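Peer 1: Each chain, written out:
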Amino acid sequence: MKKSILMSVLIVMAMLGTIQSGFAAETNYSMRVDGLACPFCAYGIEKKFKKMEGISNINIDLDKGVVSVDAKEGITLKEDNMKKLFNDSGFTFCSMKKTEK
Amino acid sequence: MFLKKLKSIGNLLLVGLVSSPVLAHDPIFGQGPHVLFQEGVEIATEFHSSKKGRELENELGLEVNYGVTGDWAIGLELPYAIKAETGTVSSGLGDSAISTKYRFWRKDSKSLQESAAISLKIISATGDETKSPALGSGTTDNIVGLSYGYESRRWYRWASVRHRQNGTSSAGLKRGNRTLLDFVAGIRPTLTSYSEPDMVYLLELNGELGDRATLNGNTVTNSGGDEWFVSPGFMWTIKNFAIRGGVQLPLSSNLNGVQSKSDYRAKLSFEWHL
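Order-wise, the sequence lines are chains A and B.
Residue numbers are given in my numbering: position 53 of the first sequence equals residue 53, and the series is strictly consecutive.
Residue numbers are given in my numbering: position 105 of the second sequence equals residue 1105, and the series is strictly consecutive.
Read the hints as simulated data drawn from the structure, not as lab findings.
None of the values given here were measured: they were computed from a predicted structure.
Please note that the accuracy of each hint is not assured.
Unchecked claim - Some chain B residues flagged as far from chain A (calculated, every beta-carbon gap over 12 Å):
{"id": "1", "residue": "GLY1067"}
{"id": "2", "residue": "TYR1080"}
{"id": "3", "residue": "GLN1165"}
{"id": "4", "residue": "TYR1194"}
{"id": "5", "residue": "MET1235"}
{"id": "6", "residue": "VAL1247"}
Stated by the list, open to error - With a straight-line Cα cutoff of 30 Å, these simulated DSSO-like cross-link-like pairs (lysine-lysine) come out:
{"id": "7", "chain 1": "B", "residue 1": "LYS1110", "chain 2": "A", "residue 2": "LYS83"}
{"id": "8", "chain 1": "A", "residue 1": "LYS97", "chain 2": "A", "residue 2": "LYS78"}
{"id": "9", "chain 1": "A", "residue 1": "LYS47", "chain 2": "B", "residue 2": "LYS1261"}
{"id": "10", "chain 1": "A", "residue 1": "LYS84", "chain 2": "A", "residue 2": "LYS101"}
{"id": "11", "chain 1": "B", "residue 1": "LYS1110", "chain 2": "A", "residue 2": "LYS72"}
{"id": "12", "chain 1": "A", "residue 1": "LYS97", "chain 2": "A", "residue 2": "LYS83"}
{"id": "13", "chain 1": "A", "residue 1": "LYS101", "chain 2": "B", "residue 2": "LYS1239"}
{"id": "14", "chain 1": "B", "residue 1": "LYS1107", "chain 2": "A", "residue 2": "LYS83"}
{"id": "15", "chain 1": "A", "residue 1": "LYS83", "chain 2": "B", "residue 2": "LYS1239"}
{"id": "16", "chain 1": "B", "residue 1": "LYS1239", "chain 2": "A", "residue 2": "LYS51"}
{"id": "17", "chain 1": "A", "residue 1": "LYS98", "chain 2": "B", "residue 2": "LYS1261"}
We put the beta carbon where it would ideally sit given N, CA and C, even for glycine.
Full structure from sequences and hints, please.
Peer 2: Quick look at the structure:
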């Protein structure tokens, strides 16, 4: 009896843990962008990402030519949209790598 | 009477020193191909001072630019001018301008951007040309330009050519047209990260080749000619805020007739990207 109660509690805890981690799941998008030479000019990229809902941790690495952002669960960044976003900011989108956090 | 008229012509000839629109990482006195990101707003205040013989001209300008697309910007300039000449001072709204720049070519590679743009600026006669010294030219002038820029993490270089076509005032005075040539190099000594303060040092070579003015079709002897300047400057930025400044010092002067040579020109601007 005690064993089955303990098992039930463990199963419920495991399920809760799964649900909780599911809610907190974020995806990191790391994008290769060409033309990133000066920080002042790159501000337009930050501004455009800040307008998007569910996007956080915007990092711009000028030396590596990489822009990285975190997207909340349910938010998916598409390559076509990113091409437009970077072109509107005055830069060229090259590629994108997606990592689940 | 004749001397007074001659003096007022001299004053009008001084009006309309070419100021290039403030746009991000562009040269201070020359022009580059920089535009703004789409829907970006740039607000800049610029202080401009120049001395030529006995004439001192100070101008405080407000400039607003808007990014229509990632390659096309439009702008508006509203200058407040304070001019002094041999003890006489006048102040008020100077000649305001609208401008546009289109970046027609851009080649991006890793941490490097090369681009070229065409520009047009129309300067309207909003300054009072009857004041002494004159605050405006009394004419509508336009400037067309072509610029090239190379921007890497360490090095910058720009080249531009602009042509200023001046209008004719109601008194029949047409200031000579001018061609402006700019060659600029820049260096970022320390490669800072995106969120750190960033400094770029510039050295410009600016040439101004001017035609003679005409008054009712007659050539004004003491007008026009060529001047070359060497201009050290800087751009300090942090994220979306920039301070840019420089001094233009005469290198050589070949002015027609009897004219005062330029002593110096200085510029300081504060710029926000919103």
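Peer 1: Determine for every hint whether it applies to the structure shown.
Peer 2: Hint by hint, here is what the structure shows:
Non-interface call for B/GLY1067 relative to chain A: violated, since the shortest CB-CB distance, roughly 8 Å, does not exceed 12 Å. Every beta carbon of chain A lies more than 12 Å from that of B/TYR1080, the smallest distance being close to 26 Å; the non-interface claim holds. With a least CB separation of 30 Å from chain A, B/GLN1165 remains clear of the 12 Å interface cut-off, as annotated. Not every CB of chain A lies more than 12 Å from the CB of B/TYR1194, the least distance being 4 Å, so the non-interface label is violated.
Remark: the non-interface label on B/MET1235 conflicts with the geometry, its nearest Cβ contact in chain A lying 8 Å away (cut-off 12 Å). For B/VAL1247, the shortest C-beta to C-beta distance to chain A comes to about 22 Å, beyond the 12 Å cut-off, and the non-interface label holds. Our distance criterion of 30 Å between C-alpha atoms is met by B/LYS1110 and A/LYS83, whose separation comes to about 16 Å. For the hint linking A/LYS97 to A/LYS78, the alpha-carbon distance of about 11 Å falls within 30 Å, and the restraint holds.
For the given pair, A/LYS47 sits about 46 Å from B/LYS1261 by alpha-carbon distance, which is inconsistent with the 30 Å threshold. Restraint check for A/LYS84 and A/LYS101: the C-alpha separation of about 26 Å stays at or below 30 Å, so the hint holds. A distance of roughly 28 Å separates the Cα atoms of B/LYS1110 and A/LYS72; the hinted pair therefore holds under the 30 Å criterion. Between the alpha carbons of A/LYS97 and A/LYS83 the distance comes to roughly 14 Å, so the proposed pair stays at or under 30 Å and holds.
A threshold of 30 Å between alpha carbons decides the hint, and for A/LYS101 with B/LYS1239 the separation of about 28 Å falls inside it, so the pair holds. A hinted pair counts as satisfied when its Cα atoms are at most 30 Å apart, and B/LYS1107 with A/LYS83 qualifies at roughly 15 Å. The straight-line distance between the Cα atoms of A/LYS83 and B/LYS1239 is roughly 23 Å, inside the 30 Å bound, and the hint therefore holds. In summary, the hint linking B/LYS1239 to A/LYS51 is supported, as the alpha carbons are separated by about 17 Å, within the 30 Å threshold.
Between A/LYS98 and B/LYS1261 the alpha-carbon distance is near 62 Å, which puts this suggested pair outside the 30 Å criterion.
When each numbered hint is compared with the structure, violations occur for hints 1, 4, 5, 9, 17.
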